[in-house]
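K.L.:
Line by line, the protein sequences are chains A and B. Going by this note's numbering, the first sequence runs without a break in its numbering and finishes at 125. Going by this note's numbering, the second sequence runs without a break in its numbering and finishes at 1137.
Since the hints were derived computationally from the structure, they do not count as laboratory data. From a predicted model like this one, the values you see are computed outputs, not experimental measurements. Note that CB positions come from ideal geometry on N, CA and C, so glycine has one too. Possibly wrong hints are sitting among the right ones.
Unchecked claim - Here are the simulated DMTMM-like cross-link-like pairs (lysine to aspartate or glutamate), alpha carbons at most 25 angstroms apart as the crow flies:
| no. | chain 1 | residue 1 | chain 2 | residue 2 |
| --- | --- | --- | --- | --- |
| 1 | A | Lys-102 | A | Glu-35 |
| 2 | A | Lys-45 | B | Glu-1131 |
| 3 | A | Lys-98 | A | Glu-35 |
| 4 | B | Lys-1007 | A | Glu-4 |
| 5 | B | Lys-1126 | A | Glu-35 |
| 6 | A | Lys-45 | A | Glu-35 |
| 7 | A | Lys-102 | B | Glu-1131 |
To be verified - These stretches of chain B come out as covered by chain A in the derived footprint (C-beta under 8 angstroms, 3 or more residues):
| no. | segment |
| --- | --- |
| 8 | 1048-1054 |
| 9 | 1117-1123 |
As the list claims (entries may be wrong) - To spell it out: a stretch of chain B is covered by chain A in this simulated footprint if at least three of its residues, at any positions, have a beta carbon under 8 angstroms from a beta carbon of chain A; those stretches are:
| no. | segment |
| --- | --- |
| 10 | 1017-1024 |
| 11 | 1082-1090 |
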Amino acid sequence: MRREFAVKWILLSVIVVATVLGDLLQSYEMKRSGEQAVDARGLAKLLRMIVSRRYLLLSVVAMAVSFFAFMALVQIAPLSFAVPASAATFVLETLLAKFVLKERVGPRRAAGALLVLGGVILLAR
Amino acid sequence: MRSLPSKARTLWLALLVIVLNASGNLSLTVGMRSLPDKMSANPLDYIRAMFHPLVALGIVLLILWLLTRMALFSWADLSFVVPVTAAGYILAAILGHFFLGEKVTLTNWLGTLLIFFGTAFVGATKPLTTECAGSSQ
């Protein structure tokens, strides 16, 4: 029981860290690459970028780690715990966007992120 | 989409990202649930599952989701993309309710309402607030 409790929190930490890292790296690298098109040629270019850019490849690996850790978590914990707990990423990503990526997060954007966090918690109950 | 003003284009792309994610997850869920056998730890089970048409469609839609979301990250801030695309939770609840017969309680609907307002709050802000490299198109 104690072991399962520890595994649950370890998996949750892995999900949060991997999701935040993946999104942060993807946002950083994609902004550096300039505005990308979403037509067939643009999507093919994005696919090539994943294998040629280190940070993008790492971000996809982080997303895969997060996905499999989430799959493992829902096997030992209810979805009503897994979904709202992993929504902690909203707060962390907004903070890191402000302090690491230097984005302007005004009161309206911060309030919006908090409303979404509250909504996700209610949605999973 | 190129003829639209930049904010409208960004919101349209965000909508595409949301729809691709929700429809990909729905297709994957319906496909996985219709498989005759339960999944084991054997990786071959997962490879076999990928040949089910709905599972395959779900995977293709989720690859498109990944790529369009990457493009969206080149158009807008992380602190804009993450809460705005959370509107996908609303679509997932609606699709789950109507297509999978999942129970959605009053509290859950209240949650979708909060997400809606949160998304609208963030969606009303300027999508890009940092320096971005020039267009590469």
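K.L.:
Give me the numbers of the hints this structure contradicts, sorted from smallest to largest.
P.N.:
Of the numbered hints given earlier, those the structure breaks are 4, 8, 10, listed in rising order.
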